[in-house]
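**Q** Spelled out from the first residue to the last, the chains are:
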Amino acid sequence: MATSSHTPQELMVAVASREIRDGDLVFVGMRLPILAYAVARNAHAPKARGLFEVGLMRDQPAEAFLGTMGDPPNVAGALWATRMSNVMALMAQGSVDLGFIGGAEVDRFGNLNTSYVGEPVHPTVKLPGSGGGADIAILSRRWVTLMSHERRRLVDRVSFVTSPGYGDGSPHWRKRNGLLGGGPVAIITTLCVLRFPELGGEAHLASVHPGHSVKEVRAETGWDLKIADEVIETPPPTDDELAAIRRFDPEGFWTRTA
Amino acid sequence: MATSSHTPQELMVAVASREIRDGDLVFVGMRLPILAYAVARNAHAPKARGLFEVGLMRDQPAEAFLGTMGDPPNVAGALWATRMSNVMALMAQGSVDLGFIGGAEVDRFGNLNTSYVGEPVHPTVKLPGSGGGADIAILSRRWVTLMSHERRRLVDRVSFVTSPGYGDGSPHWRKRNGLLGGGPVAIITTLCVLRFPELGGEAHLASVHPGHSVKEVRAETGWDLKIADEVIETPPPTDDELAAIRRFDPEGFWTRTA
Amino acid sequence: MLGKVMAMAEAIRRFVPDHSTVALGLALEPLIPFAAGHELIRQGRRDLELVGPISDALFDQLIGAGCVRRVTAAWVGNVSEGLGHCYRRACEERIPLPLEVRDHSNFSISLALWAAAWNVPSLPTRTLLGSDILRTNPALAAADGLVHVAAVRPDVAIVHVQRADELGRVHAWGPMGITEEAGLAADRVIVTCEELVDPSVTLSDPNRILFPETKVAAVVHEPGGAHPSPVQGFFKRDHAFYRDYAERSRLVDGYLAWLEQWVMGVPDRAAYLGRVDSEALRILRHRMSEPVDYGDE
Amino acid sequence: MLGKVMAMAEAIRRFVPDHSTVALGLALEPLIPFAAGHELIRQGRRDLELVGPISDALFDQLIGAGCVRRVTAAWVGNVSEGLGHCYRRACEERIPLPLEVRDHSNFSISLALWAAAWNVPSLPTRTLLGSDILRTNPALAAADGLVHVAAVRPDVAIVHVQRADELGRVHAWGPMGITEEAGLAADRVIVTCEELVDPSVTLSDPNRILFPETKVAAVVHEPGGAHPSPVQGFFKRDHAFYRDYAERSRLVDGYLAWLEQWVMGVPDRAAYLGRVDSEALRILRHRMSEPVDYGDE
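Chains as they are written, first to last, in the working numbering: chain A, 1 to 258; chain B, 1001 to 1258; chain C, 2001 to 2297; chain D, 3001 to 3297.
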């Protein structure tokens, strides 16, 4: 049963958690996905495992709030505390089922830019960079990105591809370029969920979050967005999902601030 | 002061120990060199450190007898217990000053064969192989080999180069072939010590062990052995050296059996 | 005589000259050697190349202070807050100085250090295929369906750890990021530690010793030297401190005021800690590891 | 349901079929999984490829029993005694079967496994330059002043360790040789252990956990499963046993008599240990490691 009072971030976390299948090895990353993993583990994916590039594997979510993946509660009780290169080895072998990547800018083919707005030599904005994003985008079996839905962030083509999605959108672009992983399956924004065709390519609108409209989504999207035949309303967070989110983010550090 | 009663192996250990300079990082290997390191460490090289390919660094020699470098007494009190690839990393960086390699067959240019006697496809004798020998021969700054002095072991040219010395003996052979380390400096046998020119090349007789003669050495060597201008008698083990050897090999496992 | 223990100021003066390539922040969010970084700033170090994976606020602080000529890293910013404002100003407006950036991913910077550790020119990988990072970083070359990552050999790696002895045997625990390969790749390592312990403690567990002692040039006993980053078993992460830094560093004047308050205006780490409520950050719930038996006879 | 604990016979039957590539003896002289190897012989496994660094007597025993088609290793013999007589007979006289040998050095076999772990076709190195091993092993190629070592991906790695839990979290200590890269490179790992412990023990020290549990297919509680090789904290090396094997295996008949006595004629490890004076080998001088604090709150 759904509740009406939730923040956009809480909805995004709930939606992201539903991307995690039971038994998945999840490359968790930072921020909202840490909560999404915790929610999924406590609901439909009790056999999922989390992998963290800092050098950790976990089954149970950390018992306390995490500001970063390297916070002490994420280490206590870990299944493995090791080197990043060992964690990356598992992903390079194709053992990571799902990865999460935070995006600053994404395009219609799911390419992410977290490096440069404008010319790399004289950028108008220098973004922090790849972190593990490019590794996840290239090597994980499937991945999902979360971002605030703004026209300046969802662009026709990113000027710099930090973490490749489906490249120029041409058939089998990833395979032709030697990328091992399957590519992006969803873009979860503050307004909606975009999804990709089975074989990759261009993103389309799959569901719109409660209180928002297709028209609004199109207006905030930097390209002529394809619309699924049946766009549904994104199922809001259930009470259980909200309870879990608020247990792991008690002060709303991630889910109740702008 | 020297004593008369010692075994050939005890003399070889004493001679090998004198190759270790204080402060050296020594890639120790197996058998007699383990004793040579212990002797040196307790005498003229108190600041030497030992590196073992099994994945160990030590300062003090093990307190008890070692049948192999991986025996428990060699691990207790180690300075580092790690992976072989980390130990090899130090050697690849040129940090290993001296390595010891056991030889089955050596030639006039210091090349070692521990792989095949006869054609590799149908060997008359299959020897155990390189172990870390090739790595030491190629990557350590200088190295020494110990072996029983027999005409079948000291040959004009080995049929198979497992661990390269100075190749075909031509000038700068190692440099031209990209070998990082400096090459062999001595061959310590049951009869004598052979040494190499500063810049490498062909081995020559440098000292003959007490009770043996140049004539005997030449008869047991498979090529027309060069003789140093002044061949000395190998200084026998001192009482201190013998005492140390017998402390670390109390039953003569390595030094009082054929 | 063999002892490597010295004060932070001496370790930085002796082992990190101008123009050095310095690897630090190697465990990503935990164990960041902030105290060592602040001493680099106080000593006015210049033209450094910083090497790291995901690199939290310390890189931003060093860049803002004008210590840095080049960054070779996977990520530079403020992990819990987002952008690094000094990093942005340096890249976008050359304030205080122009900055050269060699972008990596987390995986590729690790491989660059393994290449140096094993003394090979480069190592191959399947990551970064299809990424424009290949276009902007000359140290990455694509060929035969692989990316060849050129070796990165730091002059010095600076690590903060839980405990070390006077001869440089280091015990660290928790996720290690790229700490091990950086220490092996570097010419030398500066260790800053929460606890300076007797060698009988470190040698009781040689598998936990992180580097060969031959790599360690200096051991600095600097409790709290990683604040505001977390130290497993000792300190929680000071999230509010990162937030305050993010807000105040948004503009140059704010950053300079922050720098004066927390770096230039304090002589050393002890004085810095006197201004932090470190007791509130101290970890009180202990979780001791089960010992293992190195018995040998 | 999640438990991975099973008897040796079941683990070998389920996870090591004929034609498998099997990595074992990965810590060189210590922790050699002799009990697992003997079960391979009892079950008549055929056409195995054995992968290892310096490989002590177990490789020789498996070759003599006719289990092995190919050896990919740096060294095969009897470390304290010298030559491996079954290895010699197989290579020189094709007794009991012809044997293909892919010679490596210790460094190159490690790199071959790291290549597989990182899923790249090969890794470069400066070792083996000038060695004839390059001529006889097709998996090694020289180019541009480097040697490119082709990846070796074992189907299964078999490791003996001091302790593990039922879900496959492994604690091992002492020198590790190429154990870690072999476990990461292998499709799956079979663990045999001295002690089967509660997960609260293994998870108390996640830095000591050797592999991700996702790699571990089976956990066999097999105390003494490494005899005659040493196990830090548990057993000394049985040098006399190696010497006896070396002498008796000099000729085929002697080897077969040895095999009947110690492998074919015993149903399992428990019966084998009943014939060994393992108490004389037990380590009595304990050297416990100093615990570390994983405290988090």
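Calculated from the structure, these hints are not laboratory results.
C-beta atoms are modelled at their ideal positions from N, C-alpha and C, and glycine is treated no differently.
Incorrect hints may appear among the rest.
[As the list claims (entries may be wrong)] DSBU-like mimics (lysine-lysine), calculated; alpha carbons at most 35 Å apart, straight line: (1) B:1047 with B:1175; (2) A:47 with A:175; (3) C:2004 with B:1047; (4) B:1175 with B:1226; (5) A:215 with D:3004; (6) B:1226 with B:1215.
[Unchecked claim] Calculated Cβ distances over 12 Å to all of chain D for the following chain B residues: (7) 1057; (8) 1067; (9) 1081; (10) 1083; (11) 1104; (12) 1115; (13) 1135; (14) 1174; (15) 1202; (16) 1205; (17) 1212; (18) 1215; (19) 1238; (20) 1240; (21) 1247.
**Q** If a hint holds in the structure, say so; if it doesn't, say that too.
**A** So, going through the hints one by one against the coordinates:
| no. | hint | result |
| --- | --- | --- |
| 1 | B:1047 with B:1175 | 31 Å, holds |
| 2 | A:47 with A:175 | 30 Å, holds |
| 3 | C:2004 with B:1047 | 15 Å, holds |
| 4 | B:1175 with B:1226 | 24 Å, holds |
| 5 | A:215 with D:3004 | 54 Å, violated |
| 6 | B:1226 with B:1215 | 12 Å, holds |
| 7 | 1057 | 10 Å, violated |
| 8 | 1067 | 4 Å, violated |
| 9 | 1081 | 5 Å, violated |
| 10 | 1083 | 5 Å, violated |
| 11 | 1104 | 9 Å, violated |
| 12 | 1115 | 6 Å, violated |
| 13 | 1135 | 4 Å, violated |
| 14 | 1174 | 7 Å, violated |
| 15 | 1202 | 17 Å, holds |
| 16 | 1205 | 25 Å, holds |
| 17 | 1212 | 24 Å, holds |
| 18 | 1215 | 30 Å, holds |
| 19 | 1238 | 28 Å, holds |
| 20 | 1240 | 27 Å, holds |
| 21 | 1247 | 18 Å, holds |
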